[in-house]
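Sequences and hints are given; from them, build the entire structure.
Here the protein sequences line up with chains A, B and C, keeping their order. Going by numbering that gives the first Met the number 0, the first sequence opens with residue 0, and the numbers climb by one from there. Going by numbering that gives the first Met the number 0, the second sequence opens with residue 0, and the numbers climb by one from there. Going by numbering that gives the first Met the number 0, the third sequence opens with residue 0, and the numbers climb by one from there.
A hint or two may mislead.
[As the list claims (entries may be wrong)] Under the rule of at most 25 Å between Cα atoms (straight-line distance), these lysine-lysine pairs were calculated in the DSS-like manner:
no.	chain 1	residue 1	chain 2	residue 2
1	A	K218	C	K28
2	B	K26	B	K104
3	C	K40	A	K213
4	A	K219	C	K192
5	A	K213	C	K28
6	C	K40	C	K65
7	B	K68	B	K104
8	C	K239	C	K261
Note that these hints are calculated values from the structure, not bench results. Every value quoted in this text rests on a predicted model; they were computed, and no experiment measured them.
Each chain is listed here by its residues.
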Amino acid sequence: MMLEIIRWVGYGTIAYFAVMQAYLIFLAVVSGTVLRRNHHMSRFGRVSEMLSSNMAPPVSIVIPAYNEAMGIVESVRSMSIVGYPRFEMVVVNDGSTDETLERLIEAFELERVQIPYRPDLETAPIRGIYRGRGTVDITVIDKENAGRADALNAGINVARYPYALCTDADVILDAGCLVNAMQRIVEDREHVVAVGGNIRPLNGSTVELGHLVKASVPKKLVPRMQVLEYVRTFLASRPAWARMGALPLISGAFGVWKRSAVLAVGGFTSGHMGEDMDLTMRMHRYHIDNEIPYRIVYEGAAVIWTEVPENLRVLRRQRIRWHRGLMMAVRDFMPMTFNPRYGSVGMVTWAGMFLFEYLAPIIEFIGWFVVPIAWAVGALDTTAMVMLLAIAFGMGLMNSLVALMLDESYGYFNSAADTSRLVTMAMIENFGFRQITVFWRIRALFGGRKVQGWGNMERRGVANLGARGA
Amino acid sequence: MSRTLRILVADDAETITTLLMTSLELKGYEVVTARNGIEAHEFGMNEEFDLVILDQLMPGLSGLEVIRKWHDEGIDVPVIMLSGVDDEKTVVDSLDLGAVDFVRKPFRLPELMARIRQRLRTVESDGTEQQADDKNGSAGR
Amino acid sequence: MEANQTAVLIVLIVITIDAVLLASLIILKGIHRRRMLGHEKRRAGYMTLLAHHLTYPDSTEPIGRKTAEDPAFLDAVIDLRNAVAGPEIDTLARIIGRYGMAGAQARRLRSRFPLGRRLRAAVALAEMGDESSAESLMEFLGDREPEVRIQCARGLGRMRWTPAIDAIVDRFNVETPWVRSRFTSTLVGFGPKATWPLIAYIRVNHRFESAGPSAAIRALGVIGDTQAGPPLIEILEEAKDPEIQIAAIEALGAVGGPLALKTLIREFDSDDWRLRAKAATAIGDIGDPLAIPTLAAGLEDTDWWVRRNSAAALTRLPGGQWALYDALASKDRYAQDAAAEALADAGELIAARSREKSGTATARDQALLSHMTPEYSMTGS
Chain A
0 MMLEIIRWVG
10 YGTIAYFAVM
20 QAYLIFLAVV
30 SGTVLRRNHH
40 MSRFGRVSEM
50 LSSNMAPPVS
60 IVIPAYNEAM
70 GIVESVRSMS
80 IVGYPRFEMV
90 VVNDGSTDET
100 LERLIEAFEL
110 ERVQIPYRPD
120 LETAPIRGIY
130 RGRGTVDITV
140 IDKENAGRAD
150 ALNAGINVAR
160 YPYALCTDAD
170 VILDAGCLVN
180 AMQRIVEDRE
190 HVVAVGGNIR
200 PLNGSTVELG
210 HLVKASVPKK
220 LVPRMQVLEY
230 VRTFLASRPA
240 WARMGALPLI
250 SGAFGVWKRS
260 AVLAVGGFTS
270 GHMGEDMDLT
280 MRMHRYHIDN
290 EIPYRIVYEG
300 AAVIWTEVPE
310 NLRVLRRQRI
320 RWHRGLMMAV
330 RDFMPMTFNP
340 RYGSVGMVTW
350 AGMFLFEYLA
360 PIIEFIGWFV
370 VPIAWAVGAL
380 DTTAMVMLLA
390 IAFGMGLMNS
400 LVALMLDESY
410 GYFNSAADTS
420 RLVTMAMIEN
430 FGFRQITVFW
440 RIRALFGGRK
450 VQGWGNMERR
460 GVANLGARGA
Chain B
0 MSRTLRILVA
10 DDAETITTLL
20 MTSLELKGYE
30 VVTARNGIEA
40 HEFGMNEEFD
50 LVILDQLMPG
60 LSGLEVIRKW
70 HDEGIDVPVI
80 MLSGVDDEKT
90 VVDSLDLGAV
100 DFVRKPFRLP
110 ELMARIRQRL
120 RTVESDGTEQ
130 QADDKNGSAG
140 R
Chain C
0 MEANQTAVLI
10 VLIVITIDAV
20 LLASLIILKG
30 IHRRRMLGHE
40 KRRAGYMTLL
50 AHHLTYPDST
60 EPIGRKTAED
70 PAFLDAVIDL
80 RNAVAGPEID
90 TLARIIGRYG
100 MAGAQARRLR
110 SRFPLGRRLR
120 AAVALAEMGD
130 ESSAESLMEF
140 LGDREPEVRI
150 QCARGLGRMR
160 WTPAIDAIVD
170 RFNVETPWVR
180 SRFTSTLVGF
190 GPKATWPLIA
200 YIRVNHRFES
210 AGPSAAIRAL
220 GVIGDTQAGP
230 PLIEILEEAK
240 DPEIQIAAIE
250 ALGAVGGPLA
260 LKTLIREFDS
270 DDWRLRAKAA
280 TAIGDIGDPL
290 AIPTLAAGLE
300 DTDWWVRRNS
310 AAALTRLPGG
320 QWALYDALAS
330 KDRYAQDAAA
340 EALADAGELI
350 AARSREKSGT
360 ATARDQALLS
370 HMTPEYSMTG
380 S
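Printed below as a string of structure tokens:
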């Protein structure tokens, strides 16, 4: 009897893996068609002539910052020459305990000003607002510490323009990212409420003066794995999700939001660990519930670079925090899951999130740990075991390779070393790395210490990253 | 005085640097190129130039910031600033700091060359006057 | 056993697909890399060659036929064409003509597939801006593919091919809003020649639609032909749709002139805050000091944008800043704030500070300083 149960569990796991990989391949194929179409226009790669200053809506770039003294000035400065006709920068100092504010004041000749703070969104108390009088249009908000979501809300409150690009302090913006993102908005101003961008890990690449000089794949395994992960999701999943009109997540590192829409749904949720996913899903829910036609899109050409955890310790904190955020979101949006009322969001992408992201650790845990034991005790025959391995490794590798091929159109990672590193990573990923992340996420699901606040990245500062490469 | 005149061309667009470098070298000038603001600033600090052609929008330091830094460090060299930016404030600020000429992009090559020649003529004539003074003693002419 | 066979089959299929994908990836990378490297190197060389020709237009430096057919060469030509203005363009046009580069791209445009090649050809033709391609571009204004249509319109605009204006405006009614708005921005390239066709279109359509006519109105503002002023004033007075009104107000700031002032001042009474805010900016654009009292009243408007735009506009009118200094003493806290911020943005705060340091601060300076920095005390530094 016991054996019977184990066998069914085993087959169930195999079926789960098969469905998951098939889903990913389906997404990859759809993403391929989407990217191919857009790639035609990137041939000349110039700033589109249509975004001359009268057609391009002005944008507020909102940058929440906590203890970023080491790189904040460099970062803001390099962001300030992003190619876009009209924009302002709003940096929010979320009660840093280091010299973030002081460095900003000194570098940009900031002066404290008395302008009324309009709390369209509720936030923690503001300590002061500073304006720069130099060539960079920059406003800095100093406030009490209350987390990233709260800081973003404060930034949005002060933002003057109808669109807000929410990003992070340790991000390097590609020169054309804002133009490319805003192009999607200008195409359909009435309906587009948000645009997500394409995030690439910076580790291992050559950076000079806050700008990317050469993209390379890191030698170290931990960041390398993440390069592969990011390529898979941003090239082989998100374009497809957006094409279905059901993008469930716009990453915090790059999201252009229509300010009025953000206010309508009440801004970012303070204290949430996955505030970016939460806001995106609330946008879907709000517009569908109120029958307001809308679109949330993804722009693959809006590329930005950011530092990802270099070692397992920091990575673990990040993954636990992400999964906690996902847990909160799953709980909040349970009514939407598999609910036909919410169209592709409810039935496909959020369902996919629930099944293949949220439940994945549990089922994968069974797959990696229980199934081999079952086979060893004879409950599961060799055939099943082999099938599981083939599907898990083989199809997983398929997805990675397809994603890498889709990545070709971008032209990064040109050397033989880069390619071989990525391919080797794709092959060994399932021999340990994936299992570790499963383990961490199980931990997140079933308790463990709360990982609060910003999650200290232990950053070296984007400015100090890899002239040598990692 | 017929030493070769040295020009620094700083622009992050390769098209512009190649175009200007080729044209100027064909006309007999010695050209050094910089690809960003920081490189430009360093070249200006460590080497002598008779003229600098500076792009306003560059990675690292903007053209305006480069001029400002040179100004603070006492480096005085004629500058022609190139800009695609429609920014009145930048024009005024840079003229204040002594940028000699302000040229909008896209530029007319012959016109730019003419302005360069004119600027360098001033430099050259200043040089010859100085030589004449030295020869005749500093009591003036 | 059957189950075993299925399993083996599945495994084999998976392994084969993986192997094929891996091989494709490696081959793709290899091809791409070689092509790109070659392209970059040749392009740099062509850039130097072309620079030579631009410096010495009569140069006899040879450009071979193979060179002319190289996409890297086309790239270089287009880059240069966008970087320079004036007689160099003629030199480039001569090169384009001598080697039939425009004709080659037109032939590619004519082929039915693949889409990528056609698009690149359309973009290349638009960027080259060579008159010999005008006919082809006109032909493909009605192409199936929207981006091709747009690039054709763009190219015709860049070369100011007047017969195209009517053809483009005619398409307004059949295009989607997005394509239409890009068409209108290409019309800007034609300059004042497009003024009357645009006005005719607006007059007919503004009662039925808002996206197309408002894009057309904005284009008029960018073209900057003052002849468009009186018709726009009429349209503003007739229009009920706020999108059209907003666009008209904006455009009148650019082309309306003092004639438009009366109508714009009337917009200050509108219930819609957007119209009031836009009117404030447009009045600032026109720059007539007669409007100062109206803008000063705008400082006490209930809407933040109206206050802000009125204050900013006042800094652009001769004598306007005195009204701002007066507003610092207003009873309305928000009017004070708007005035102070506009004065600071205009550089008055820095000037006041330096006057204060040198002991020559006026009463107005002190009013501004005490407003902006609550810690400032009047008793001294």
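Okay, the hints, checked on the actual structure:
1. The hinted pair formed by K218/A and K28/C meets the criterion: a straight-line CA distance of about 19 Å does not exceed 25 Å.
2. About 22 Å separates the Cα atoms of K26/B and K104/B, which keeps this hinted pair within 25 Å; it holds.
3. Among the hinted pairs, K40/C with K213/A is consistent with the structure: their alpha-carbon atoms are about 17 Å apart, no more than 25 Å.
4. The hinted pair formed by K219/A and K192/C fails the criterion: a straight-line CA distance of about 62 Å is larger than 25 Å.
5. The straight-line distance between the Cα atoms of K213/A and K28/C is roughly 17 Å, inside the 25 Å bound, and the hint therefore holds.
6. A distance of roughly 16 Å separates the Cα atoms of K40/C and K65/C; the hinted pair therefore holds under the 25 Å criterion.
7. Taken as a hint, the K68/B and K104/B pair is honoured in the structure, with Cα atoms around 24 Å apart against an allowance of 25 Å.
8. Of the pairs offered as hints, the one joining K239/C and K261/C holds, with about 18 Å between alpha carbons and a cut-off of 25 Å not exceeded.
Against the hints set out earlier in the document, a violation occurs for number 4 only.
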